[in-house]
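Colleague: Just so you know, the sequences run in chain order U and Y. Here the first sequence stands for residues 398 to 510, where the numbers follow this note's numbering. Here the second sequence stands for residues 109 to 223, where the numbers follow this note's numbering.
Keep in mind that the hints are not guaranteed to be accurate.
One side of the interface only, derived from the structure: several residues of chain U facing chain Y at Cβ under 10 Å [as the list claims (entries may be wrong)]:
hint, residue
1, Gln403
2, Gln435
3, Leu498
Rather than coming from a laboratory, the hints here were simulated on the basis of the structure. Computed from a prediction, not measured in an experiment: that's the story for all the values here. Positions of the beta carbon are idealized from the N, C-alpha and C atoms, including for glycine.
Spelled out, the chains give:
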Amino acid sequence: KQEVTQIPAALSVPEGENLVLNCSFTDSAIYNLQWFRQDPGKGLTSLLLIQSSQREQTSGRLNASLDKSSGRSTLYIAASQPGDSATYLCAVKSGGGADGLTFGKGTHLIIQP
Amino acid sequence: DAGITQSPRHKVTETGTPVTLRCHQTENHRYMYWYRQDPGHGLRLIHYSYGVKDTDKGEVSDGYSVSRSKTEDFLLTLESATSSQTSVYFCAISGRGTGSSYEQYFGPGTRLTVT
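Same shape as in the complex, but just chain U (with noise of 0.2 Å):
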């Protein structure tokens, strides 16, 4: 069975860092992983999608990385600001076609201005 662990689960910086939010995966045999956004008492915002054969994808102030063998993935997110300030979640599909997600508990985020 698939498990998704995220590190750390909370984290609080001041503005204009750089950080990393770090997810590991227990089976390296993906078809994708994702990160999501999830602002209090909202849904979940997709953020970068990695295939299982890339290594990397970026958008914006964001780069994501993936490392199947080692079964880990981490999100950078550069210059934070305070509007970063959300819950951070990573999920894996584990099949193609219509199998569903296995979630991390996530990574509380509070950048301080």
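Since the structure of chain U is already known, use the hints to place chain Y on it.
Modeller: Just chain Y, lined up with the frame of chain U:
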């Protein structure tokens, strides 16, 4: 949001009553999913659909049933609600067109409280 709506957005119900949550999409995605989110557990898959009238169980399907009579709508039913089913329920969609990346898009959620 990707054209996904959920109704109702909030519901309070009593133990033992039936409850149906609706997910509606306007994006013509083939696959639809129901997840629940609970403190300490994160999001977990309840049921999913891979086409009209085609559904399957997820990790936490006990006490839930689903139906999909048309592409746009996926219903989640709690036949007899229990307090352990108090949660936030999210619908998701994926799989539009050929060569899909299978990226999942989530609805705004339904907060259900069973008293």
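Colleague: Mind listing which of the numbered hints don't hold for this structure, in increasing order?
Modeller: Violated: none.
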